[in-house]
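Quick note, the sequences are listed as chains A and B, same order.
Numbering-wise, the numbering used here puts 66 at position 35 of the first sequence, and it's gapless, one number per residue.
Numbering-wise, the numbering used here puts 251 at position 250 of the second sequence, and it's gapless, one number per residue.
Keep in mind that the hints were calculated from the coordinates and are not lab data.
All C-beta atoms, glycine included, are put in the ideal place defined by N, C-alpha and C.
No incorrect hints appear here.
If the Cβ cut is set under 10 Å, some of the chain A residues that face chain B in the computed set are:
{"#": "1", "residue": "SER42"}
{"#": "2", "residue": "GLN55"}
{"#": "3", "residue": "ALA67"}
{"#": "4", "residue": "LEU68"}
{"#": "5", "residue": "GLN94"}
{"#": "6", "residue": "LEU95"}
{"#": "7", "residue": "SER97"}
Here are the simulated EDC-like cross-link-like pairs (lysine to aspartate or glutamate), alpha carbons at most 20 Å apart as the crow flies:
{"#": "8", "chain 1": "B", "residue 1": "LYS294", "chain 2": "A", "residue 2": "ASP65"}
{"#": "9", "chain 1": "B", "residue 1": "LYS120", "chain 2": "B", "residue 2": "GLU88"}
{"#": "10", "chain 1": "B", "residue 1": "LYS294", "chain 2": "A", "residue 2": "GLU72"}
Derived list of chain A stretches under chain B, where covered just means 3 residues or more per stretch with a C-beta under 8 Å from a C-beta of chain B:
{"#": "11", "region": "44 to 53"}
{"#": "12", "region": "72 to 83"}
What follows is the residue order along each chain.
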Amino acid sequence: MAKPKEISSLSYDKALEELESIVQQLEAEVGDLDAALALYERGQALSQHCSTLLEQAELRVQQLGSDGELTPLD
Amino acid sequence: MQQMDLFAPEPKAITVTELTRGLRRAIEAVDVFQNLWVQGEVSNFSRPQSGHWYFTLKDRDAALPCVMWRSTAELQAQVPKNGDQIEVHGGLSIYEAQGRYQLYVDEIRSAGEGSLYQKFIELKNRLEAEGLFARSRSLPAWPQRIGIVTSATGAALQDVLHTLERRYPLAEVVLAPTQVQGPSAAVLVAEALTMLDQFAQPELILLVRGGGSLEDLAAFNSEIVARAIVRTRAVVVSGVGHETDVTIADFAADLRAPTPTAAAELATPDLQELQARLAALHSRLQRQTPIAKINRALQQLDELSLRSGRALAQRTRWLRATLQGHTARLQALSPLAVLERGYAVVRAADGTLVRQASQVQPGATLDVRVQRGHLNVEVKETKDD
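Hey, can you work out the whole structure from these sequences and the hints?
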């Protein structure tokens, strides 16, 4: 596995993708206990991160101006 | 019924009904009379109790009686007025009781719509031949930034925003507001598409507009908009008008949705599905808690200890300590009372978990956490393997 990224910076889809891969690795029972523990811990954190993202998600709407600038739209 | 020969050499007298019915059958047998578009001016329009519409379509030199049955008339968006220039579609027949031929109308459109439609077909064929409608790239599974090209004041925008908010609030939305109707609409829509694509760089653009007449939708049937769509880097989903409206923009887009709301739905994953998928993964993860693994390892150790002599005793002791360290980590993750099972957590004075004998020096005091309470112990000796 590539060097793990800071979980809080992961987008929902990336976090979910990694969580999926971790669950699959755990289910395949490859690697030693240390590795499994590390995976499990990271999986827990990813799962928490995803559910926080879903709960806090709020559609952000911006408007494109004629100058190409983006401004928030209520 | 037998076919009558009107031009037989010596016709014998036939009844009025026979003649009229024969004429009616003759007219109804001609395919081209049964699928006519006729244009003219509405006069003598009447709508009696029955709900049927009766009117005469006329031009300078001729008049054509027309009927539209109630079942069809009820579905018409507009009621024609005397003086309107219209085009009607229907089949010709004879009303036998009055010996009058008339057109049974099933469709009405304003004059000029026919030529607009003709232009639409021509443009569609030309662009299609050029290969402009060949794009149908797949939608991004997780669009982070979604662009919308539509009027800032239209209902279509509200429909799309509500749908996105409900289904996929993870996205960021960028609106490129534009006129969608009027003489400059085509150029403005094309510009908005291009600007949005270049400046905001969304992965996906929803090109939407509410329903309207063929004239109202003209911008979406323009060549300039079709070409702008095909140039975008973003995947374009069109949702123009009502379900039955199909525009040139729909053909040029990667994906056509029947309405603005449907475009937003097609383009995004659904929040509830996302939650369900996450919940499923989470419970699969819970089943993989390494506690089970540790228990199996401990059991193996017990068996090994029984079978081996003192030589292995040290190693098994150390392994056991390591496993207990793991268990302590797990306890932080899982509310399962691991300690209930008789395991202990060993921590150094600074609170760090003791996972290896080399972590501590003889004489150090350790905190051993058991299910109920703590033991304060002193290390007599450490042994590394």
